[in-house]
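Visitor: Taking the hints into account, I'd like the entire structure generated from these sequences.
There are 2 protein chains.
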Amino acid sequence: MAYRYPHSLNELIRYLAKLPGIGAKSAQRLAFFLLNASEEDAAGLAGAIIQARKTLRHCPRCGNFTDDDICSICADSRRDAGQICVVEQARDIAAMERAGCFEGHYHVLGGAISPLDGIGPEQLKLVSLFSRLQAGQVREVVLATNPTVEGEATALYIAKKIHPLGITVSRLAHGLPVGGDLEYADEATLSLALAGRKQLSF
Amino acid sequence: MAYRYPHSLNELIRYLAKLPGIGAKSAQRLAFFLLNASEEDAAGLAGAIIQARKTLRHCPRCGNFTDDDICSICADSRRDAGQICVVEQARDIAAMERAGCFEGHYHVLGGAISPLDGIGPEQLKLVSLFSRLQAGQVREVVLATNPTVEGEATALYIAKKIHPLGITVSRLAHGLPVGGDLEYADEATLSLALAGRKQLSF
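From first to last, the protein sequence lines are chains U and G.
Here the numbering used here is used: the first residue of the first sequence is 19, the next is one more, and so on.
Here the numbering used here is used: the first residue of the second sequence is 19, the next is one more, and so on.
Simulated from the structure, these hints should not be mistaken for lab results.
Predicted model, so just to flag it, every value in this text is computed and none were measured.
Nothing false has been slipped in among the hints.
Each pair may be met inside one copy or between any two copies, as identical chains are not told apart.
In silico DSSO-like pairs for lysine-lysine, Cα to Cα no more than 27 Å straight-line:
| no. | residue 1 | residue 2 |
| --- | --- | --- |
| 1 | 179 | 143 |
| 2 | 72 | 43 |
| 3 | 178 | 143 |
| 4 | 72 | 36 |
| 5 | 72 | 143 |
Guide: Here it is, written out as structure tokens:
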């Protein structure tokens with residue numbers, strides 16, 4: 019006759035425990051916080067989840083999150099359309115933008131080549147990247163995939179494909195801690211990494 | 019021209035950052051997780067928050083969370099109605115029940131006496147506690163407020179009030195780490211604390 023939480027409390031804890039970095043105890047703590055929180059905070063969070071899922075889509079050009087036809091970066095005519103920074107995930111764009119050191123456009127791959135996870139080049143948004151490059155306006159592609167084995171392999175794969183097009187290809191400098199995650203890099207490290215980027219030559 | 023997230027993404031991050039223990043970076047990480055999660059997980063979490071807020075109420079007898087007229091502990095006729103364990107918060111009941119060492123009923127105070135926070139005895143659920151005690155069925159009250167200054171002061175205050183009624187009053191033994199939080203005590207410590215409870219005499 020072990021004590022069980024009421025069903026709806028159990029359900030809330032179960033869903034909270036699915037969040038990354040939230041264990042069973044933290045999920046319980048969050049659940050009790052949400053039950054005691056103001057109506058505005060609790061209903062607000064639930065509504066924000068639903069609203070974000072409904073309104074946010076991927077920018078058809080670069081893959082960034084947007085609630086408009088095209089993302090604010092692609093729509094900004096003051097940015098340099100001659101530079102494309104290639105990142106693994108949409109969240110990496112925010113990390114680059116916080117560093118404030120890049121004025122060009124972006125392209126989100128949606129991941130990195132990882133044979134162990136069954137992700138090959140065909141799973142990445144490469145067709146749309148190369149159709150952007152073939153439009154002829156792009157002078158340089160900055161490869162800003164994560165400084166991991168998968169990210170490096172992806173950068174090398176893309177660099178080799180771009181080379182015949184005569185477009186400069188560069189890679190963020192290794193100032194980034196190897197094995198890390200672009201999303202958590204601090205602004206200074208990211209700025210240094212962009213400044214020290216190296217052209218890939220064959 | 020700093021980059022800004024789309025509005026609905028900003029809102030989602032803002033609400034997530036209100037959760038306890040979730041900072042700005044964690045809120046971003048959770049937001050991107052929720053955007054990439056399955057529809058079942060994301061809508062499920064939003065629905066679980068709303069559902070829990072809608073169906074869960076406080077048990078009119080003890081103050082525990084319940085989605086029924088009365089909580090499952092008060093409704094369980096196999097439990098000893100002669101013992102009442104007094105706790106600060108409803109979540110503390112779950113901690114006691116996980117330890118599995120108490121077979122009586124509970125009473126939730128809704129806090130502890132804390133003059134600095136403007137919480138006096140009149141802000142706690144004491145009227146309902148004493149009307150339960152005056153019904154005459156209760157032999158013992160176990161005071162399981164937190165082992166903090168406020169919890170000790172609350173226990174002492176209640177003990178003095180109960181003493182004239184001729185009901186045994188006990189306090190969880192100090193096996194609990196002082197300054198800690200009942201919610202995070204492990205099962206073994208809680209069991210020892212209950213076994214070593216001491217009768218308060220005057």
